[in-house]
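All chains, please: the whole structure from these sequences, using the hints.
These are the residues of each chain, in order.
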Amino acid sequence: MSTNSFVYTLHLADNTLILAQRNAEWTGHGPVLEQDIAITNISLDLLGQARNFYQYAALQYNSFSAEEKKDVDKYIPRLWKEYNRELQEDDLAFLRDEHQYLNLLITELPKGDWAQTVVRQFFFSTYQFYLYQQLESYRDEQLAAISEKSIKEVAYHLRWSSEWVIRLGNGTEESGKRIKNALNDQWMFTGEMFVSAPYELIDTTSLKSDWQKKIEIIFSEATIEVPQQTWMQSGGKQGRHTEHLGYLLTEMQYLQRAYPNAQW
Amino acid sequence: MIDEKQIWSLLEEVKDPEVPVLSIIDLGMVRSVTTSEDKINITLTPTYSGCPAMDVIAMDIRLKLIEKGYRDISIIQQLSPAWTTDWMSEEGKQKLKAFGIAPPNPKQQFCTSDMFQQEAVQCPRCNSYHTELISQFGSTACKSIYRCLDCKEAFDHFKCH
Chain A
877 MSTNSFVYTL HLADNTLILA QRNAEWTGHG PVLEQDIAIT NISLDLLGQA RNFYQYAALQ
937 YNSFSAEEKK DVDKYIPRLW KEYNRELQED DLAFLRDEHQ YLNLLITELP KGDWAQTVVR
997 QFFFSTYQFY LYQQLESYRD EQLAAISEKS IKEVAYHLRW SSEWVIRLGN GTEESGKRIK
1057 NALNDQWMFT GEMFVSAPYE LIDTTSLKSD WQKKIEIIFS EATIEVPQQT WMQSGGKQGR
1117 HTEHLGYLLT EMQYLQRAYP NAQW
Chain B
3 MIDEKQIWSL LEEVKDPEVP VLSIIDLGMV RSVTTSEDKI NITLTPTYSG CPAMDVIAMD
63 IRLKLIEKGY RDISIIQQLS PAWTTDWMSE EGKQKLKAFG IAPPNPKQQF CTSDMFQQEA
123 VQCPRCNSYH TELISQFGST ACKSIYRCLD CKEAFDHFKC H
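Quick mapping for you: the protein sequence lines, in order, are chains A and B.
So the first sequence is numbered by our numbering: it starts at 877 and just counts up by one.
So the second sequence is numbered by our numbering: it starts at 3 and just counts up by one.
Certain hints may be false.
Distance windows between CB atoms, simulated [claimed, not checked]:
id : chain 1 : residue 1 : chain 2 : residue 2 : range
1  : A       : Ser941    : B       : Ile78     : 23 to 31 Å
2  : B       : Phe101    : A       : Asn1137   : 36 to 44 Å
3  : B       : Lys154    : A       : Trp1107   : 47 to 55 Å
4  : A       : Gln976    : B       : Gly102    : 44 to 52 Å
Hints in this document: simulated from the structure, not taken from any laboratory.
In this text the structure is predicted, and so the values were computed from the model without any measurement.
All residues carry an ideal CB built from backbone N, CA and C; glycine is no exception.
This is the structure:
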């Protein structure tokens, strides 16, 4: 077991937790009841995946030697160190600071309107689908098992978000305008997916052509042109985030920070 | 010595808290039951990653076994091979239908990421196949919502997974 594997597991966990939190903001605010339920179900699936990843990350950390623990110390929440017990999933989810999160920037962008949420979900689910396909046969058994389980859920998310991209693209003038705006706003955050960080155990550059192909198929069905080359923003995988993440964490972490070790 | 058959029949009494007509055996969640002296090891495969019923089910298993005098219980979660609706028992599917939830179709028939697919889902009330999908996501992670175009009732469908 390597410290890279721990950091990579955190990255996978953070992606799913942060997007789960963003999608959960729709609870009670969806455009219609069925879609309110759909987006919050997707949120719940992602949260479940995050739990599996965080549990595995905690397990890895607890079995590390003192030296390995020192290596990854910058990702470990300070508050937990006062607890004098083994690291647990909730410590990793709720007690770290902004710069300790390794999620993709696209997952932390505000939920925006329905088009913004749908486009982000489509970009991310497509990415997850091809990533988990690779991870399913990866040599780390636990990461492979989590991916094998999760990819079935992701298939539903991908189907749902693809359908919405097409529906909005071919809908009214207003829906078309909104989905184009969403595409243009988020495009510069997609490049980061395919620039591998040193800790990543899967070479994500290899996922790009499949991802690009799927995106082009769906957007062409939606009669929307996909932007060509453009400057891409990165930083999330290194812990450099947009200003949006801090606000998200403040809300999400409130309970564990106000009442340390509180149990549901 | 603990009788493993006895444990299996007790597990039959542990229900899915969200679909209380189904036992965890009907759902196909129990991978194995092994015993050694006074210890019971139960291996479970979770259905959906985020399903809140999972924690409740593990607790219900413990309570059920403790109630019958068993003390040393270990519940292991096994993710791979991943749970599929194909593991649901025929009896379970019949119970679902009687409860008003359309049971899942076999996975080979319909379980892909392809879009806008129409699945022939039978209305659990009037048995018509003249139904339409309202939403791929329903009241719990495992269900979608359909509408019967003949009897006009909306109903839950346990989706293929």
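Do the hints match the structure? See the list:
Between A:Ser941 and B:Ile78, the C-beta spacing of about 26 Å keeps the proposed range 23 to 31 Å intact. As the Cβ distance of B:Phe101 to A:Asn1137 is approximately 40 Å, the hint placing it in 36 to 44 Å holds. Between B:Lys154 and A:Trp1107 the C-beta distance comes to about 54 Å, which sits within the given range of 47 to 55 Å. Judged by the Cβ atoms, the range 44 to 52 Å given for A:Gln976 and B:Gly102 holds: they are separated by roughly 47 Å.
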